[in-house]
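Given the sequences, and given the hints that come with them, work out the whole structure.
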Amino acid sequence: MLYIISRKVILAMVTVLVVIVLSGILIHIVPGDPVTAMMAQSVTATPEAMAEMRSRLGLDLPVWQQVGLYVWHVLQGDLGTTIRGNEPVLTLLMQRLPNTFMLAVSGLVVALAIGIPLGFLAAINRGRIADTVVMIVAVFGVSIPAFWLGLIMIQVFSLKLGWLPVAGSGWRNIILPALTLGLTYCALVARMTRSALVEVLGEDYIRTARARGLREHQVLLVHALRPALISIVTVVGLVFAYLLGGQVIIENVFSWNGIGRLAVQAMLERDYPMIQGFIVVFATSVVVVSMLIDVLYSILDPRMRAK
Amino acid sequence: MDKHPYLRVRDLSVTFDSKRGQFKAVDGVSFDLSQGEILALVGESGSGKSMTSLSIMKLLPEAARLSGQISIDGVDIATKDRRSMEDVRGAKLGMIFQEPMTSLNPVLSIARQMTEGLRRHKALNRQDAMNVARTSLLDVGIADPDRVLSQYPHQLSGGMRQRVMIAAAIALQPAILIADEPTTALDVTVQAQVLDLLVDLKSRLGAGILLITHDIGVVAETADRVAVMRSGRIVETGRVEEVLNVPQHEYTKALLGSHLTVETGLKIRDAENGRVAL
Amino acid sequence: MTEITQTTRPWRSPPLSVLIGVGIAAIIVVAAAFAPLIAPYDPLRMAAGPRLSAPSATHLFGTDEFGRDLFSRVLLGARLSLGIGVVAVLSGLAVGGVLGLVAAFSGRYVEIFLLRLIDVLYSFPDTLIALALVAFLGPGIENATLAIAVSLVPFYARVTYGLSAGERAKPYVEAAQLAGIRSARLVRVHVMPNISQSMIVMGTLGFSSAILSAAGLSFLGLGVQPPSPEWGAILASGRNYITKAPWILMFPGLAVCVTVLSFNLIGDSLRDLFDPRRRTR
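Sequences listed follow chains A, B and C, in order. Each residue of the first sequence is one higher than the last, beginning at 1 in the numbering used here. Each residue of the second sequence is one higher than the last, beginning at 1 in the numbering used here. Each residue of the third sequence is one higher than the last, beginning at 1 in the numbering used here.
Calculated from the structure, these hints are not laboratory results. Quantities reported herein were computed from a predicted structural model and do not represent experimental measurements. Be a bit skeptical, because a hint or two may be false.
[Claimed, not checked] Some chain A residues well away from chain B (every beta-carbon gap over 10 Å; in silico):
(1) P31
(2) V137
(3) R172
(4) G213
(5) S285
[To be verified] What follows is a set of in silico ranges between Cβ atoms, one per label pair, in the way DEER data are often shown:
(6) B:V246 - A:A130: 55 to 61 Å
(7) C:P40 - A:L300: 55 to 61 Å
(8) A:I299 - B:R83: 36 to 42 Å
(9) B:S45 - A:L17: 54 to 60 Å
Cβ coordinates follow ideal geometry from the N, Cα and C atoms, glycine included.
Printed below as a string of structure tokens:
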């Protein structure tokens with residue numbers, strides 16, 4: 001099993017490396033001169049500052065050297081500095097990363113808490129009304145843009161009802177964005193739970209369990225749910241990646257002080273070093289989380305444990 | 001030996017509705033099974049024998065419609081609802097299936113799967129249930145029950161899994177055991193062991209065994225009585241010696257003719273490979 | 001010889017969901033196609049009516065902060081969204097499809113390399129990839145469309161690879177290879193017809209994804225630029241008037257929802273139809 005885990009770790013590291021390389025390449029797709037584009041937004045744009053930025057980014061060098069330089073810097077932990085205040089990108093991102101994770105995990109918890117029971121309900125009532133209703137709701141859910149839902153939530157809960165604050169990053173503020181994320185992605189979770197459970201329910205060992213005269217709720221909750229949950233764990237990683245993606249926009253809607261909000265601001269300001277830094281940090285987070293979930297799966301499934 | 005039939009099946013029919021009309025998987029089947037005897041239900045694939053066994057357990061797919069009488073110990077269960085069947089299954093009617101690979105839950109331990117039936121039906125605590133499970137495993141010829149109990153299905157061989165299934169079923173001491181092609185998925189050598197086990201259980205526990213199989217050889221070795229099925233109907237029934245030696249129905253004759261040739265041929269081949277002494 | 005259809009199931013009348021999906025999609029496509037003719041007002045014309053007025057007989061969806069008719073803007077937005085979606089999906093499908101086929105039918109090292117690359121990219125949400133690209137390319141409808149197209153490539157590449165690998169294992173491919181047919185011809189003439197069904201399904205699902213990405217990008221200000229009435233862009237401006245003029249929030253959002261929903265319904269049903277093993281009913 002150690003062998004499997006180390007393989008996954010290596011794969012994760014390679015993935016991050018690829019992303020870093022891509023991030024280094026991306027700055028070169030900017031039409032025209034990146035420094036001009038960046039500095040156009042900034043008030044501190046002087047010819048000297050621009051020249052300095054150019055040399056710092058190594059823009060006089062051939063492309064592949066620049067990318068190599070960038071990768072080298074990143075691996076040493078230097079993600080560059082922003083054009084705005086000359087602050088180190090890594091520091092700024094790391095300050096806000098906990099916020100992002102807090103929201104993401106909350107959103108995930110909500111999505112699972114709503115989605116798994118719904119999927120379960122649909123699966124055991126397969127073909128009947130409850131199933132159809134849940135599936136219809138799920139299709140709707142998958143079709144709703146998260147940011148729209150967020151705006152509606154703000155409209156209803158903050159402005160109309162005055163229950164919850166609109167923006168900010170305190171613990172009270174987490175409720176609406178977490179709920180928005182959770183509701184958006186619970187549809188996906190519900191669908192996947194349903195199909196995992198339906199597949200399990202068709203297996204022979206469920207028939208054996210019934211043949212032993214076990215009460216139906218025992219059959220469902222012990223014999224069916226457990227193997228299904230194990231397959232759902234693999235899906236959770238996927239859902240989490242999507243959730244983090246959606247979160248970038250949600251952070252904007254709710255003015256949540258996480259890396260997503262920082263990133264979008266940077267994009268509007270053409271702060272390329274910051275954008276690159278964001279891509280690297282984001283990708284690393286996704287990869288680390290996926291890997292952890294993978295390992296969790298290996299532990300939970302007895303078939304993998306023995307190896 | 002109590003000759004009063006514990007299981008009486010009268011005019012059992014299983015019908016599937018489809019857009020193209022009705023399909024009768026089982027068509028007016030009737031037989032008796034007493035405790036302490038082995039009745040073999042033999043036929044080709046699609047003859048309806050598995051469906052018959054599933055209908056006795058009321059484990060049919062939802063699309064199936066059941067009609068007829070099934071009485072267990074004098075009580076008609078054909079009309080019983082799910083909750084009452086849950087009491088009957090396991091405790092009075094045990095069943096073991098064809099595929100030991102997929103018939104055990106891969107994520108639960110053997111101990112768990114063996115004791116849950118006991119705790120459910122006999123209200124035993126964990127300790128007592130484990131003891132009964134241990135004894136059952138010994139009864140089916142597993143020498144190291146504690147080790148097996150702590151393992152998971154994927155760690156056992158096919159033969160072991162089948163034994164575990166049988167052990168789990170007999171631990172509940174059902175009066176009737178239904179065995180649906182219990183040896184089909186196993187190696188030849190293991191087959192013989194499992195069949196011997198079933199015969200042994202018949203005499204030791206006094207259970208009545210309904211043995212579903214397509215293999216006449218198995219019938220010859222194991223069963224007391226036999227019922228031949230074809231297209232959902234029983235075409236001939238009687239004591240094994242009679243039916244196999246003096247078959248009355250054309251289909252039975254054909255079945256015997258083809259099977260024995262194959263069976264004999266296989267035996268010869270196995271002997272040549274040094275696997276089985278002829 | 002070559003198997004053209006894998007499943008020969010009798011034609012059953014399609015489930016309600018498909019009909020609803022196709023129905024809605026048809027309405028939207030028609031609306032988008034004829035938008036300039038149907039729209040009662042010029043979507044860009046300010047002061048076509050009183051500012052921030054509620055939906056009424058003259059302005060079906062109300063007006064926005066500049067007095068522009070919201071209904072006309074949403075109609076034109078349909079055109080924009082569908083246009084972006086179609087272009088992005090077709091290009092993404094073309095590139096991704098080629099990548100997937102190349103990965104499946106080339107040498108071992110090419111396959112491993114491409115597959116790893118595709119997998120790495122596939123593990124990231126497509127909206128984010130589009131966002132990253134637009135961040136560097138700059139805002140605007142062309143860049144947004146390109147970015148979305150690229151974001152769909154990993155998905156299509158992976159799907160195509162999976163399908164191709166499945167076909168590759170089938171006897172007719174082996175037979176053709178033994179007969180000396182070269183890979184390129186093999187793929188073009190024999191493999192592609194067999195996977196085209198599934199590709200169409202993937203096309204519809206990618207379409208909904210594209211529309212969501214487009215709306216998201218425009219909402220953030222990185223996609224279609226104002227005054228173009230892309231649905232996401234309208235939502236962005238409507239954000240400031242949530243209480244005063246909630247209709248600016250409702251209608252474009254509903255439009256996105258309904259459009260994405262209809263294509264999801266179609267895609268889901270097609271997928272269930274074409275893959276007998278996957279029946280979830």
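The hints, checked one at a time:
no., hint, verdict
1, P31, "holds, 55 Å"
2, V137, "holds, 24 Å"
3, R172, "holds, 40 Å"
4, G213, "violated, 3 Å"
5, S285, "holds, 30 Å"
6, B:V246 - A:A130: 55 to 61 Å, "holds, 58 Å"
7, C:P40 - A:L300: 55 to 61 Å, "holds, 59 Å"
8, A:I299 - B:R83: 36 to 42 Å, "holds, 37 Å"
9, B:S45 - A:L17: 54 to 60 Å, "holds, 55 Å"
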